[in-house]
Every structure is written in structure tokens, then in C-alpha cells.
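Following the hints, position chains E, D, H and B against chain L.
Residue numbers (my numbering), protein chains in the order written: chain L, 1 to 83; chain E, 1 to 83; chain D, 1 to 83; chain H, 1 to 83; chain B, 1 to 83.
Any given hint could turn out to be false.
One copy or any two copies: either way a pair holds, since identical chains are not told apart in the list.
[Claimed, not checked] Derived SDA-like pairs (lysine to any residue); straight-line CA-CA distance at most 25 Å:
1) Lys33 to Cys12
2) Lys33 to Gly8
3) Lys31 to Gly8
4) Lys33 to Val6
5) Lys33 to Met22
6) Lys33 to Phe78
7) Lys33 to Thr66
8) Lys33 to Trp79
9) Lys33 to Asp77
10) Lys31 to Gly42
Derived by calculation from the structure, the hints in this document are not laboratory data. This structure is a prediction, so every number in the text was calculated from the model and none was measured.
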Amino acid sequence: MEIMQVMGRLVCTQRVEGLGHMHLRILRNNKGKQLVAVDPVGAREGNWVFTASGSAARFACPEPSTQTDLTIGGIIDFWTPDG
Amino acid sequence: MEIMQVMGRLVCTQRVEGLGHMHLRILRNNKGKQLVAVDPVGAREGNWVFTASGSAARFACPEPSTQTDLTIGGIIDFWTPDG
Amino acid sequence: MEIMQVMGRLVCTQRVEGLGHMHLRILRNNKGKQLVAVDPVGAREGNWVFTASGSAARFACPEPSTQTDLTIGGIIDFWTPDG
Amino acid sequence: MEIMQVMGRLVCTQRVEGLGHMHLRILRNNKGKQLVAVDPVGAREGNWVFTASGSAARFACPEPSTQTDLTIGGIIDFWTPDG
Amino acid sequence: MEIMQVMGRLVCTQRVEGLGHMHLRILRNNKGKQLVAVDPVGAREGNWVFTASGSAARFACPEPSTQTDLTIGGIIDFWTPDG
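So that you can see chain L by itself, here it is in the shape it has in the complex:
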């Protein structure tokens, strides 16, 4: 799993049905790249989280058929970023 920081929400009216009403978050990885993840744990802007990718991302959702390849797995209690 990778460690990323929550940057904000993603507003996206028109999307595939398989994402249901899951919340989408914009995360930033350690290279500064912005990614989109499904959030089943209720993370807030600024939180450090770890994410599961691949098929694990789907299984980490309440509904395993959620069409995601990146899902927040937990909020990290304490974290000092690299560098």
C-alpha cells in the first residue's frame, strides 16, 4: 500500500454507474502526483492515509463490485513525510 495525503474532493457529475454514491477524494502521492481514490473511511483534507490498489481496491469497498483501482485503507495516526 502507498502513503498519500488527502487534497480535497473530486466533483464529477457524469460517471460510470459502478461507483455508486461512493465519495471520491483527490490524493497526492510522494512524487506530488494527484490521484483519485474511493474513500470508505471518511478521510478529511490534510489527512495522511494509506491506499490499496488493484483488485484489493475493490475488495476494500463495502460493495466489492465498486469500479475502483485505488481505495483508502486507513487514516494514519502519525506520519512524517519523506524529505
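Frame of chain L; chains E, D, H and B shown alone:
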């Protein structure tokens, strides 16, 4: 999921049967690399979209056996690219 | 899916059974890296093709149990490479 | 599989149910990037380990539904890092 | 699939059960990075091989439940490395 911009269509007469009649789009990621994605949401040139990869890409299609590893998951209402 | 160019065939006498008699091609990606792909569409040297990776690579073969992680999905009619 | 070194534990009170009570370790890969992995073998700080990613990461856990994309597969008896 | 060269064996007494008694090899990819792969074909040090990753890596083993994400798929008869 990753955020990319739609560059255009991909013309490809000779292809595997498992892609059916799905539309193929050329996308550009944040590094400028061009990728090919299946488009079930009707994105247009210039749109910012987010994409699902891996097995989620197949499940994001109306037909889950579609032989894709990258599928557009939604059109982003508003987006400011990095940099 | 990614866009690559066919460089040639791969000669490989000793290989796992699960690849059957599928043709193997050497492809070059946009960074110049050489990769090996299964070819179910009959691509020729110099052709621009797009490739499916992951589980989609197996499903893109006539026999879904083919042990590949990269399969040619189609030959592109026209393509201007990056750069 | 990749070779990484164990840096420490990850403290994470709020996480998805599918990780159960599995221990989480912070690993460092050969580029210095820190990653989070599930540890079913009891690795200690400083150990060199190899890791399985993707669906293999789930199967490497006692409970295959564990929602991980990176799992320690073994502790390496002897290893000289690159460089 | 990727092309890599066999560097040697990996000695690893303590490992997950799901790898059984499969031989583990250290491979070097085209960037010089060292990776660990399961070897069902009997490759030797110095051999050029191609590898399957992801779920294909498991299916390329005699036992598909082998907990690997990288498996040697064949020994290349002749190969001129890049550069």
C-alpha cells in the same frame, strides 16, 4: 484512478473481438504520455476524465468481459491541472 | 492500453506450457524499452499496435488461460508517435 | 517480487475492516520510497524481505480476502543491497 | 512480459507457505533493478529470460495458487540487450 485529458479518437480497424464496438479514446496523462482507453461515458476532446486500470477497467464497461486495462470512469466537472 | 511498435519476433524454444503455440513479438514502448507480447492479431514488424496488460491480456487471447501479461489488442491504422 | 527493507510499524487506528488484525509494516524500496505492507511472517526492523504485490498479496495472507496489495513473502537470509 | 537476466539464487529460509518448494531467482531488469521471481523452467545464472507479472505469474506455475507476482515464462535462445 488517474486524471487524464482526452486528445481524440483512435482509428483501429483490425482489433481483437473482445473490445466489441466500444469507442477507443487517446488520452494524455500528467507526464504527457499518450494512452488508449475504452470510453463508456461519451467523453469529448479536451475533457478531463479519471480512469480506472486493471480489473476495474473491465468491470467499468457495460460488458465486463471487454478486454481493456484502462477505462474512463467519469468526466470531471472542473479541474486545474498540475503545474 | 499502451501504444507500441513491433520490432520483431522472439525466438524462445524453452518456455512454460501455458503459452501454447502463441506467437511472441518484441515491442518497443514510448521510452524505448523492449517488451514481449502475445500476438493474436497478426502484427508485422514496424506496425503500431496497442496492448492490453494485466488480466485483460489473458482475456484478449483465444484461450483465456494463456499465461501472458501483455497482449496486442489491435493494429492502429494511422499513428504519429510522440516527439 | 521486490526486495525491500523493514523500517518500522505503522500505527493506524482507523482502517477498513478487511485488514483484520494483520500487522502493518513500513518498508523502503530500492529507490528510498516508503510503502505499507501486511506482514504474515514476523519481520523485524532492519530485516531484508521480498514482497508480493497484486492479487498474490492477498493470497499470501492466512485470510485471502485480506485487503492488501503488498505482503511480505519471506525474510532473506543474506542480502547485499544495490549500489 | 519483460526481458531480464538471471543473476543467481535467493536464499530465504523463512517464507510464506504458498511458495511451496519453488526455486527463487534474483533477476536484473533493463534498469539494473534486482527482482525476485519463481522459476518453473530451470534457468541458470546468465540466462536471458522473459517474465510474466500479475495474475499471469501465478498461472505460469504448476500450482496456480503459488503466491508469486513474477514468474519466468521462458529462456530466450538469443538476445542482444538494449544499449
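Verification of the hints:
In this assembly of identical chains, Lys33 and Cys12 lie within 25 Å of each other by CA distance both inside one copy and across copies; the values are 19 Å within and 23 Å between. Proximity of Lys33 and Gly8 under a CA criterion of 25 Å is satisfied in both settings, with 14 Å inside one chain copy and 24 Å between copies. In the homo-oligomer, the alpha carbons of Lys31 and Gly8 lie at most 25 Å apart both inside one protomer (17 Å) and across protomers (22 Å), since each shortest distance falls under that limit. With identical chains, the CA atoms of Lys33 and Val6 are at most 25 Å apart both within one copy (12 Å) and between copies (18 Å).
In this assembly of identical chains, Lys33 and Met22 lie within 25 Å of each other by CA distance solely inside one copy; the values are 22 Å within and 29 Å between copies. In this assembly of identical chains, the alpha carbons of Lys33 and Phe78 lie at most 25 Å apart whether taken from the same copy (22 Å) or from different copies (17 Å). In this assembly of identical chains, Lys33 and Thr66 lie within 25 Å of each other by CA distance solely inside one copy; the values are 23 Å within and 27 Å between copies. In this assembly of identical chains, Lys33 and Trp79 lie within 25 Å of each other by CA distance both inside one copy and across copies; the values are 19 Å within and 14 Å between.
Proximity of Lys33 to Asp77 under the C-alpha cut-off of 25 Å is found in both arrangements, the shortest distances being 23 Å within a copy and 19 Å between copies. In this homomeric assembly, Lys31 and Gly42 come within 25 Å of each other (Cα to Cα) only inside a single copy, at 24 Å, whereas the closest approach across copies is 30 Å.
Violated hints are absent here; each numbered hint is respected by the structure.
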